[in-house]
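Participant: Kindly generate the complete structure, drawing on both the sequences and the hints.
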Amino acid sequence: MVQDLVWYEPRIDDATKKVEQYSTKYTDEIITRAFLAPYGPIAIIVIDHIEMMPVSSANKFLKTLEDIPEKTLFILLTDTPNHLLPTIRSRVKILESHERVLDANFHRDHPIRQALDLWL
8 MVQDLVWYEP RIDDATKKVE QYSTKYTDEI ITRAFLAPYG PIAIIVIDHI EMMPVSSANK
68 FLKTLEDIPE KTLFILLTDT PNHLLPTIRS RVKILESHER VLDANFHRDH PIRQALDLWL
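Just so you know, we're using my numbering here: the sequence shown kicks off at 8 and counts up by one.
These aren't lab readings, by the way, just hints derived from the structure by calculation.
Quick reminder that beta carbons are idealized off the backbone N, C-alpha and C, glycines included.
Honestly, I wouldn't trust all of these hints.
What the hints assert, rightly or not - Quick list of simulated restraints, FRET-style, between CB atoms:
| # | residue 1 | residue 2 | range |
| --- | --- | --- | --- |
| 1 | 103 | 42 | 25 to 31 Å |
| 2 | 18 | 76 | 35 to 41 Å |
| 3 | 93 | 22 | 16 to 22 Å |
| 4 | 66 | 43 | 19 to 25 Å |
| 5 | 49 | 21 | 19 to 25 Å |
| 6 | 16 | 72 | 26 to 32 Å |
| 7 | 46 | 90 | 18 to 24 Å |
| 8 | 67 | 26 | 27 to 33 Å |
| 9 | 16 | 97 | 21 to 27 Å |
| 10 | 16 | 101 | 17 to 23 Å |
| 11 | 103 | 39 | 29 to 35 Å |
| 12 | 44 | 73 | 16 to 22 Å |
Facilitator: Printed below as a string of structure tokens:
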């Protein structure tokens, strides 16, 4: 199932070394991945710092959230849920954690990991 867990995070501009917002092209890449058939029972797509997705990209991503591909689970991570579009917040289940998920190898007792175990 390792190949079915895909982790997206804001990219760092090579020239400026600054963190970039999710571009429309990068958002298209996420959406395209969501529609690929999983190798195993389910594809899990983690989008870290979703609040950094500009409104135009977020609106495009919203269409995918409204009709999530079969056997696909999105996990949207943010430190500031109030910065998400209300239309996105209204379509997700919010799980609060005071522990920051750093990578895909997070602890079994982490709330997000527990949610994954329920889905798998």
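Participant: Range hint 27 to 33 Å: satisfied by the CB atoms of residue 67 and residue 26?
Facilitator: violated (20 Å)
Participant: Determine whether the Cβ-Cβ distance between residue 93 and residue 22 falls within the hinted range of 16 to 22 Å.
Facilitator: Taking Cβ atoms as reference, residue 93 and residue 22 lie about 35 Å apart, which means the hint is violated.
Participant: For residue 66 and residue 43, compare the CB-CB distance with the range 19 to 25 Å and indicate the outcome.
Facilitator: holds (22 Å)
Participant: Would you say the C-beta atoms of residue 103 and residue 42 sit inside 25 to 31 Å of each other?
Facilitator: holds (29 Å)
Participant: Measuring from beta carbon to beta carbon, are residue 18 and residue 76 in 35 to 41 Å?
Facilitator: violated (24 Å)
Participant: In this structure, is the beta-carbon distance linking residue 16 and residue 101 contained in 17 to 23 Å?
Facilitator: The hint (17 to 23 Å, Cβ to Cβ) holds, given that residue 16 and residue 101 are roughly 20 Å apart.
Participant: The hint says 29 to 35 Å between residue 103 and residue 39; measuring C-beta to C-beta, is that right?
Facilitator: holds (30 Å)
Participant: Range first: 21 to 27 Å. Now tell me if the beta carbons of residue 16 and residue 97 are that far apart.
Facilitator: Given a distance of about 24 Å, which is inside 21 to 27 Å, the answer is holds.
Participant: Is 16 to 22 Å right for how far apart the beta carbons of residue 44 and residue 73 are?
Facilitator: At 20 Å between Cβs, range holds.
Participant: Assuming the hint says 26 to 32 Å, is it satisfied by the Cβ distance from residue 16 to residue 72 or not?
Facilitator: violated (18 Å)
Participant: Please check whether residue 46 and residue 90 have a Cβ separation lying inside 18 to 24 Å.
Facilitator: Cβ of residue 46 to Cβ of residue 90: about 33 Å, so the range 18 to 24 Å is violated.
Participant: Falls inside 19 to 25 Å, the C-beta gap from residue 49 to residue 21?
Facilitator: violated (34 Å)
The structure shown violates the earlier hints numbered 2, 3, 5, 6, 7 and 8.
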